[in-house]
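2 protein chains.
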Amino acid sequence: MTRQSTVDQKHPTHNAKRFISKERAESKLDIDQLNIFLENGPEEAQLTQDLIEEIVHDPVLKTNTDHYDISKDQEREITARRIARMALYMEHDVKTKQKQFHGDYIKTLEKQGSPLLSNGDFSIFDRRMSLTSNMDPGLGTRIGVHLGLFGNCIRGNGTDEQIHYWLQEKGALFLKGIYGCFAMTELGHGSNVAQLQTTATYDAVSDTFKINTPDLLATKWWIGGAAHSATHTTCYARLIVNGKDYGVKTFVVPLREEKTFTLLPGVMIGDIGAKMGRDGIDNGWIQFKNVVIPREFMLQRFTKVIPGSPPQVKTQPLLDQISGYSALLSGRVNMVMDSFRFGSKFAIIATRYAVGRQQFGTAKNETQLIDYPLHQYRVLPQLAFCYLVSPTAHKLMATYIQTLSELHQAGADKKKLFAVTDKLKDLFIDSASLKATNTWLVAKLIDELRQTCGGHGYSSYNGFGKGYNDWVVQCTWEGDNNILSLSSAKSIVKKFVDISKGKKTTITTDSLRYLTPEFIGKSLSKDLTFKFDNLGDYTDIWAVVTVRLIHHVVELISKGTKMDSLSKTLVQISKFHALHSMLLTYQEKLEESKSLVTDAYTRKYLEKLYVLFSLFFIDQNLGEFLLLNVLTSEQMSQIIQPRLLELLPEIRKECIGLTDAFKFPDAMINAPIGYYDGDIYNNYFNEVTNNNRPEPDGPGKPPYFSYLTNMLGREDFQARLGDTFSAETLDSLIK
Amino acid sequence: MTRQSTVDQKHPTHNAKRFISKERAESKLDIDQLNIFLENGPEEAQLTQDLIEEIVHDPVLKTNTDHYDISKDQEREITARRIARMALYMEHDVKTKQKQFHGDYIKTLEKQGSPLLSNGDFSIFDRRMSLTSNMDPGLGTRIGVHLGLFGNCIRGNGTDEQIHYWLQEKGALFLKGIYGCFAMTELGHGSNVAQLQTTATYDAVSDTFKINTPDLLATKWWIGGAAHSATHTTCYARLIVNGKDYGVKTFVVPLREEKTFTLLPGVMIGDIGAKMGRDGIDNGWIQFKNVVIPREFMLQRFTKVIPGSPPQVKTQPLLDQISGYSALLSGRVNMVMDSFRFGSKFAIIATRYAVGRQQFGTAKNETQLIDYPLHQYRVLPQLAFCYLVSPTAHKLMATYIQTLSELHQAGADKKKLFAVTDKLKDLFIDSASLKATNTWLVAKLIDELRQTCGGHGYSSYNGFGKGYNDWVVQCTWEGDNNILSLSSAKSIVKKFVDISKGKKTTITTDSLRYLTPEFIGKSLSKDLTFKFDNLGDYTDIWAVVTVRLIHHVVELISKGTKMDSLSKTLVQISKFHALHSMLLTYQEKLEESKSLVTDAYTRKYLEKLYVLFSLFFIDQNLGEFLLLNVLTSEQMSQIIQPRLLELLPEIRKECIGLTDAFKFPDAMINAPIGYYDGDIYNNYFNEVTNNNRPEPDGPGKPPYFSYLTNMLGREDFQARLGDTFSAETLDSLIK
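Those sequence lines, one after another, are chains C and H.
Be aware that the first sequence starts at 1, since it is given in full-length UniProt numbering, and climbs by one per residue.
Be aware that the second sequence starts at 1, since it is given in full-length UniProt numbering, and climbs by one per residue.
Chain C on its own, in the form it takes in the complex (with noise of 0.2 Å):
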């Protein structure tokens, strides 16, 4: 049994409260001014505040500490319960964007021959989705594996008719008439596209192809909505006419009967189960026997299958292959911002618990814990990051939105093609390093914020855990992050040899602003030395110490090591890439928001948190600059370590401030210690105690409790030996 709490909470001693308030009454900072910054300008932010209100008002999206105690199967019915539930807000999100509410404007969308809708215009129906995600990730991974998977395959792959035809007449771009999933992974092959084994076979007398799956290996695995949702697919398969195998393309597999959810002929799924986080999404399996599609089903827009005898395949293997991965672009952007998001929540948890939390110091007033410069050092730098990588990923948006539209503008126009090909192969490396750095970084985050929350942080009801588990799958899906760190790094290395051979090299980003012969000779140089008497230093010391890594890598490889044994430290260029990348955004975008965060003083509370960020990620990277002589061990002892202990506590100042900035509500928070009035051991306790009420008299609800009376009760062992050990009975036996 177990019984109710006696204490009386209205008259507590202790007022955790009186902590948070004070910080309050002294903060300085415009907290609307930050949060503009944070959310990239005034509309945008008052658009982030509606929706945030919509979701956590909204009866079937909000989410409370309830479910942290859900199981896989609960999970994934609350999850397909909010499909349902966002499909009401899509139509509407476009029609709002669109600014057209007369006529019926999804239907006149659904007709054959209206116009094309682009990524930008569902740009409110996707911060919807960011944000909602960020209090249930898995609803927003199920949502867009449909539209963000099996919708930028389309896209990217279809001709404009294809596209047309599955996304608005289908209705899939409106979460209506087909659900799609996103067949590329199989058992035995992840990254390694090219080698995947599903056969997709012209039968030209049919005029079909037949899809199927050759080997256990081929097994469709992984694939988000398989299990339970999906009626189609796009299916990453081997093309084959003529016995002739033209590699991995994609085609669109009906799988269920949009009514009864009945699988169709040859199509075998199955449900992958329990995994480390994202319950609510429905993995599965697919297998194919002898499936059969129409040609036209193929998607193809680079590559065409030509009917005849013999049939002819015609295919742009450039453009083929760019735009054929684009539909793990819009993942990879996304995470970016999930970065931002999800960071600043686990941020604002961490750093009001440990305001309101106190620990040794006087008995009579214990030290709050965000007063110890370790603990200092533990949160504010991850605050810090929250900060920098905003302004990163609302211009990755951007940048993506652009760049895809120039790709579907350019049509057939092979001049404007090859342009924009430029642009999508450096959105490739600052995606891919970005992604993977940050989503390592918020990884790191979780756990390490975790910790500083004590045992308080492995309750389920503070969100750690969850948060964790449905995190980490980020570092591995829609590209593992050592595969993109290398291949981010090994373009830009490229890019390094091409320019020192000086051969013409296209740059189209500020990321890579220190590919320059110019800037390159400066950073080699050995006089070069930093006295960070300015902002820019903080920023450009990172384009020094890549540029020398790079070099340093360079130099090896032509002194005959492999470029494999130099994974680590290509691992480390892409690193470096994303921070030095994060740091000069975050600049311009100081410079640029002039006029909306007037305020000096939160003006300089936003420079500090940029120098906080440079001087941590030195610090955490010591080795590297000291190696590569960036850095002195005295400008390290003297200046980079005193300046971060010195800047620290001039952060936690005001840190309660720059958490409010993120304008959170509880709703979205969903951790008790985390709350907005600081009052963290009432919150926390009425939690637990509202989702694990009392259990009658006796042995109560556990059924198990017989399992333990009997255990302690238990006759002696001799006893229950019948005495047979006993001297007596010995004897006995052997008189």
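Honestly, the hints are just simulated from the structure, not real lab data.
Just so you know, even glycine gets a beta-carbon here, dropped at the ideal spot from N, CA and C.
There's no promise every hint is true.
[To be verified] Stretch-level coverage of chain H by chain C, calculated; a stretch enters the list once three of its residues show a Cβ under 8 Å from a Cβ in chain C:
1) 8-21
2) 331-345
3) 372-381
4) 468-478
5) 536-546
Dock chain H against the given chain C, drawing on the hints supplied.
Structure of chain H alone, referenced to chain C:
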């Protein structure tokens, strides 16, 4: 609906098993000798194998992959069944250890005046527990709270009579009669034990204590076993006599009636509910309202209340504190052993997967993951870590048992007590530093190795998710890792200062052998340089970097820097101390085990692992080595990094032999991608499909299909609004 697989698994085109067979065929290692090295000698190795056999064949204890699909309530029930099962083995193990099978030995021990059992008498059962916990960590904790915390609290703080009464007469040691929990932590205070707020007020008239919870923050929190299982607790409460507060002491408080599990008067208990992991533990909160216990239930080895008017309190402050905390020692020592066993499990899984999984390379012959240098760098040092932690874990356990036994044998002999106190203090340093460092390293190990298994690492059925969630609480409980590291480092720094000042300082452990004036002098000499031409250098360099880091801290303090702001460096000192101590112990073990590991090739590999461990952590802590001039940039890039890169492929050659040597059967690994036969895909696919049976035709198992079908088949938005927004309708409204 879902359907069964139709792929022919009997005739696979891909045979993953051949990779692992090839490795085994080519291995020249002596697996048995390695196992004897890892298990601390041939007798212990045999015992471990016997116990593992028993555990994995016990129908109640054996754990399958369906364990990853259970709910919190199910897990708690299974754990309770398993506790009862372990109780059956308990008596048997004690008898085996004592070779006492004649007469009713346990009954004899329960009799008043029988000899007190020591921790050493439970060594077989403890090993059984340690191995069982490797499959089910929650079970380990749930019994560990009773035996290790409740039991050791009584041992550490009780008189011999009290120890005998509670542990032997009442039966607690044999999991009989009563079940204990350990009520130390409160909602508002964890690490700061001295400020706990629960009160135990002495009433002279009735000669009893009243236990009270004065405030919500004084609610006992996280108490393992409290929610459902405990009949008694050792309660940490402030001793109040005649209005005076004597600080925190320990009291045995009955909580529930043993037969009905009804809560006793004044005891309020609730369930803490869901946690990040270890849901098998029924953690609860406890509040006391005027709970009366007889004076004799206070544990009075070092503090006594003597009735009279006025009543008196006699205390032995130093011993009180040292011995009082010794309850936590057992847990810390066990966590180092857990680090060895738990880490090994994941090292096996990731290594076998890396051998069987192929990625990129040529289409016909893709490269095995383990052949990529980056993958080797990610996996093999983790394997080396498991080898390195083993001798330390065994040595620490032996020192702990020996020291505690000396403490008890000392009785009231002051001289002996002070001698053992010195040993206890050093044991606090070592156990704190090793517990913190190793639990952190294993958390990183699980996380890093999960990532090396890509998406398949995220499947629950491969164990990483639950493994990580169950593990990471070890970084927080029984001494938060940061607090432990600080406390251990501060003690080391204090010894260093004393030695520098020429004060006499007692050092009782090899791990602190670097604290001699000679070694300190040598370490600080500018001429010191390492050539790495003998194995000892790989340990010594860590002693030198530790001394220099301590010296650096002492210098800063002497210049006025506050100790607190050096916390980050202090944590680093504790880590370096632990790494040095592990290398030293391993090196000694290598020396000692010459007669056991006789095969030269095998010994060579044990040496290689040692070198790899040292080099890997130098590389990981490069900044400090350069900053403190222990290594130059040239040594780093010309010796350390090249040796590291050379060593990896050598270890890779024997990686399967090195993992086989742990001799963990599949049932203990419980992760199909890590099973012995290396048939990763079939094993994994079979476990997933066994745990997720096909659903019936049409909308099957999940009850939520209607949400999806209703959404997909919904009317147009316009139609839903009754066409009110159509141009005609609108026109008609204002005609």
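Verification of the hints:
{"no.": "1", "hint": "8-21", "result": "holds (count 4)"}
{"no.": "2", "hint": "331-345", "result": "violated (count 0)"}
{"no.": "3", "hint": "372-381", "result": "holds (count 5)"}
{"no.": "4", "hint": "468-478", "result": "holds (count 7)"}
{"no.": "5", "hint": "536-546", "result": "violated (count 0)"}
Checked against the numbered hints given earlier, the structure breaks hints 2, 5 and satisfies all the rest.
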